Structures are given as C-alpha cells and as structure tokens.
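Colleague: Let chain Z serve as the given structure and place chain W on it in line with the hints.
Just so you know, the protein sequences line up as chains Z and W, in that order. Residue numbering for the first sequence follows our numbering, beginning at 235 and increasing consecutively. Residue numbering for the second sequence follows our numbering, beginning at 237 and increasing consecutively.
Treat the hints loosely; a few may be bogus.
BS3-like mimics (lysine-lysine), calculated; alpha carbons at most 25 Å apart, straight line [stated by the list, open to error]:
#1 Z:248 <-> Z:236
#2 W:366 <-> Z:337
#3 W:366 <-> Z:253
#4 Z:251 <-> W:366
#5 W:320 <-> W:262
#6 Z:251 <-> W:367
#7 W:367 <-> Z:337
Quick caveat, the hints were computed from the structure, so don't treat them as lab data. Computed from a predicted model, the values in this text were never measured in an experiment.
One-letter residues, chain by chain:
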Amino acid sequence: MKYIQFVNSVLRNKIQKEKNLVLYGQNINAASCLSGLTRGLGDVNNGLTINTPNSENTLVGIGFGLMLSGTSSIFFMKQMDFLLLGLDQLVNTYNIIRQNEPKASFTIFPITVDSGYEGPQSALNNLNDFCSIAGVAGYSFTNKRDTEQIISNYLLQPGFRIMSPSQRLLREDLLDIEVINQDKDCCYFQYEKGKDVSIVCFNYSLPYGVILTEELSKKNINSSLFSVNSYLEFDYSYIINDLQNTRNLILIDDTKSRNSSSDKFLKNIYNYCELDKKIIINRKFSEDLFFPRHDQLEIVYQSVVKKFCS
Amino acid sequence: MQDQKQIIEQIIRLRLAQILVNERYKNGDFKIPIHLALGHEALAIAVDRSIENDDRLVLSHRNIHYNLARMGTLREAMDEYYLKDMGIASGHLGSMNMSNHKRNIVYTSSILGNNLPVASGYALSNNLNKKNGVIFVVTGDGAIEEGSFYESLVFMKSNDLNTVIIVENNQWSLGTKIDERRCNIDLDKLADSLGIDYISLQGNDPFEYIKTVSSCRAKSVENNAPVLIEVKLTTLGYWYMKTQEYPDGKYINYHAGPAPEVEMKKYPLISSSDEDPLFVLKQYLSEKELMDNSSKLLKQLESELL
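Looking at chain Z on its own, in the form it has when it is part of the complex (with noise of 0.2 Å):
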C-alpha cells in the first residue's frame, strides 16, 4: 500500500463516524481529488462535502465561523503554500476564538510540496513556520502507525490544528515500523531502543533515519530512533533521558524553515545533556531554494556512519 492511500483509509473510517460533518476545499471531489487524499471522502461523509472556489483567506475563516457555531470542519488544500493567503484568519481569528474552549473541531490539511520542482512559492512550505505564527498545533506523518495515530486522535478533536503529509511520501510504499514507545500527546513517537546513539528526525525526515539506523546496525552500532511529529515545544524529558544515556546525538531535519522546532529542541537538550558526539544533518540554505530545483535533502549514510564510527 503506498503512503497516500493509508492516509486516504484512515481519513475515511474517521470521517464515517461523524453526523455532521462539513469537509471542504478546492476540487476536494473532484478530479484527483487532491493526488488522491480526499478521494472517495465525500461517498462516506454522512455531513456537507463541498467543492469549493479558490479563496483560501476565506475558506479559512469559515472553518473558525463553522467551529464558533459549533460545527466540525475539514479544510483540505493541494498545497501548503496556498495556505499563506489565510494568514490573517489563522492568526487574528484564531487568537479570538481560542478564548473560549471550543466544542468544535477545526483542522486544515494541506499536503507539504517537498518533492521539489516547485519554485519560488515551496520556498515557505512547511509546518514550522505555520505553526509558529501563532503558536498553532500542527502534525506530520511519516508512516503507518503515526499516521494512524494522530489521525485518530486529534483530526476532529475540539480545537484547531494544522496536519500536513508529504507529498513526496505520497507514491512511496506505506513504512510499516513497530513503534515501542510514544508520547500521550502524538508529538513524538520512538521506534528504536539502543544504546549508542539517539537519532531524533523532525518533520518528514523519520525515513532517513530508518535507514541510518539499519546502516549503523551494520557498525553494531544500536541506534534509538524517534520521531518528533509535533511542531510546537513540549516535554522533551523523555529524549533527553535516552540522550543522557547514549551520550550521542544524529539529528535530522528535512524542514525548509529556518524556524525549526529542531532548533528549540537542540536549545532545550544543551541545558540537560553533555554529548560527546552530535552530528546535525539538515538543509543547507541557497539561492536554489527560490527555483525549481531538485531539493530534497541529501544524505551520504557512509559519511555519516564514518563520522560517527571516527
């Protein structure tokens, strides 16, 4: 099962169960139905599905009118980028409406485009910088079992958020790991135990660390892996108990943002660890990231290996 579908089944068993739903955004029934990620949503949704025009300050106010009158709302866009033109309704509205404690649910969810190609406007694509500017909740995915969790738990949970999965996920194969530990919240999740090293991947980056962890195993080096899926701080306690044990850190960050909820994290853990070893992988910003370019992060696991074995 590729990535796109299990979050398109796990979408549609969550939406069947709720009366009275309002699921909605440009060509959301339609077409594709956005590469795939709404299709069918709208046969199952026992509420209103509506194509809508392309106005997305707007749609992005009537999910908080539709929230503050006491209705639950998805809002589905193509791209994240687009979501730059409801900043006013994401910051100012929402900072009204987050006084009282809503009974409804409001949740945006665009797809990152970071598969490249794009230009200029994937320049801001990311949750980091959504969700930093007004301190909003926001959730990646990555794989079969956080997808499944916090879908489940906070798609139509009172309240507003922001869930986002990576378009350049989206035709990849579902990553099916067994997840050994997690945080309450879904902010972070863990996939590894070891004791030589904590890998900690931010945003979309857990599949990196899936393979370098498998390539240090190879060193017999053993590896703890986390993924940290939440882009607002929380209690690192957890990480930071497994860094005091390994001593050693590999971050990885595919972000864009130069507002990284890795930054925060980095800050935090320099209080409460002495590492001997701490290798940051993430982008290297250019010009380039302002054209259609391949922009992936890049990432030699030799180097890495040989960096951390020297």
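Modeller: Chain W in isolation, oriented as in the chain Z frame:
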C-alpha cells in the same frame, strides 16, 4: 406610537452613551483604541430591531453602536473599555473585538474584511444543521476593498447562505476618502453580477431603516440567499483645523479616539442636517419633547455609571 417613542429614545440614548464614552476618552481614561460611531445610531437601532432570536450578528472594529444597542446598558461596555474584570468580556476583548454572545453578537474582528468569512462559516453551519436564523455581518467601504469581501459574497451565494451584509459607507478609510484611494466600486452592479439582491439606504430615518433592514432579512430567509445593504452615512465628530496653509480650517475626518469638539448638550445634536439621526428625529417629536427625553435618559445613564 409607543414603539415609535421607544425607538426615538433608543437613538437618543445611544448618542448620549457614546458622548459619555467620549467625555472619558477626552479625559485620557482609556488605554485601548475606541472607534465611536456618532451618526450611525439609526442604522444600529434598525439592525437591533430587525434581529430575531435565532439570528446572529458579526461585527467589525467600529462596533460601539451595535454593542450598546444590543446590550441596552452602558456599564458593562464601559468596564470593558477600562479592561476591568466586570467588563462584558472580562477585559479580554476591549473595544475593537467586543462581542456579546448573550445578545447574539458572536464575533467581532478588528481586521478589515476578516469577519465576512467567519460570518460565512457561521451561516454554513446554520444551513447544515437546518437552523433558522440569519447572519448579519457589518463591514465598511474600506473593507469592501479586501479580497475577503468578494470571496465571501461568492461563497455565500454559491452555498445559499441566509446572510445580510451591511456596508457602512462613510467614505473614509483612516485618513483617505474613497476618491483619494481608489476607483469607484459600484456595489449594486457587483451584487447584480453575482445574483445578489442589493439595497441602498441613506437619510437616517430610523423607521425607514427598520422597515428596510427587516424586509431584507425576510428576503434572505425566503430566497436562502445573501442580501447586500449599502448604507451611506457620515461618521460625525469631524472638525476643521486652522493652519497657516488652511486659514479657514482643514477638514479632519473622525476615525478613532476622542472626538475633540463633540460635547454633552441638553439635546446632543451634532449636525443640523440629515447626516445626524438626531436631526431627523425632529420630524417626529417637538424640540421640547426631544430635550425632555434626552435629560431623562442622561440621568439614567449617569446613575448607571455611578
């Protein structure tokens, strides 16, 4: 006749309440910005009178007239302006975002055009849940320049939403008049192009306003569609500033803050023309009756604030 008397009293009361706020404002009492709506009273009373139990009102930064009209008291609003715990929103919203769920004011935004999408969402929820009721949303000639105005009209019409959009056209956005900042926007033609009914109001006759706003509400319900009302009015409190360059005085429009030349009077008329709803009331009651009413209402308001 009794109803007519009450409506007239409501309008005078609304003017007096705003002048009492203005007096404190001139005194430097408030830390927050307040946008007075002197000259908007007839419209506010018309909206208040047209709203039914299941209706909701969505406002913008200049909202004092609607909030006071709906509240019927001044105390809680005044406390909110002072950011006191006893304020209508416990001092959390101040003026530009003041709402009052108990009196059907469900959302107020300080950002131009921001409230129209929220009103659309509220109306969509009404449709889905088969609730009666119309969403009234108030905006202005500045906000209709925002994309959200057009986007929301398209959405409201496309989804058969029971909404009444009220555009308070006072010509001004901050310190620029329409002809200083943009081309003309013909709302009648714009509405027509979207298949939306359009009504224009001016003259500040409260009884005509009540009749028209109520009929627009009925039309929205009957057709399951938005109705657009453009109200041409003047925000009073403007003054003329004499400078070397303008020895006869330069026109300064009122936008926000205290209105320096507006003062409490026995009958708080600001302008002797139909730009002032209190002037229009003179065709319904004698000057003595209006003054007696005004004195009585002022005493009530002052005792409320003690």
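Colleague: All the hints need checking, so say for each whether the structure fits it.
Modeller: To see whether the hints hold, each was checked on the structure:
Simply put, residue 248 of chain Z and residue 236 of chain Z have alpha-carbon atoms about 19 Å apart, close enough for the 25 Å limit, and the pair holds. Using a Cα cut-off of 25 Å, the hinted pair residue 366 of chain W and residue 337 of chain Z holds, with the two alpha carbons roughly 19 Å apart. Between residue 366 of chain W and residue 253 of chain Z the CA atoms are separated by roughly 14 Å; this keeps the pair inside 25 Å, and the hint holds. Between the alpha carbons of residue 251 of chain Z and residue 366 of chain W the distance comes to roughly 20 Å, so the proposed pair stays at or under 25 Å and holds.
Proposed proximity of residue 320 of chain W and residue 262 of chain W is supported: the alpha carbons are some 19 Å apart, at most 25 Å. Taken as a hint, the residue 251 of chain Z and residue 367 of chain W pair is honoured in the structure, with Cα atoms around 22 Å apart against an allowance of 25 Å. In summary, the hint linking residue 367 of chain W to residue 337 of chain Z is supported, as the alpha carbons are separated by about 18 Å, within the 25 Å threshold.
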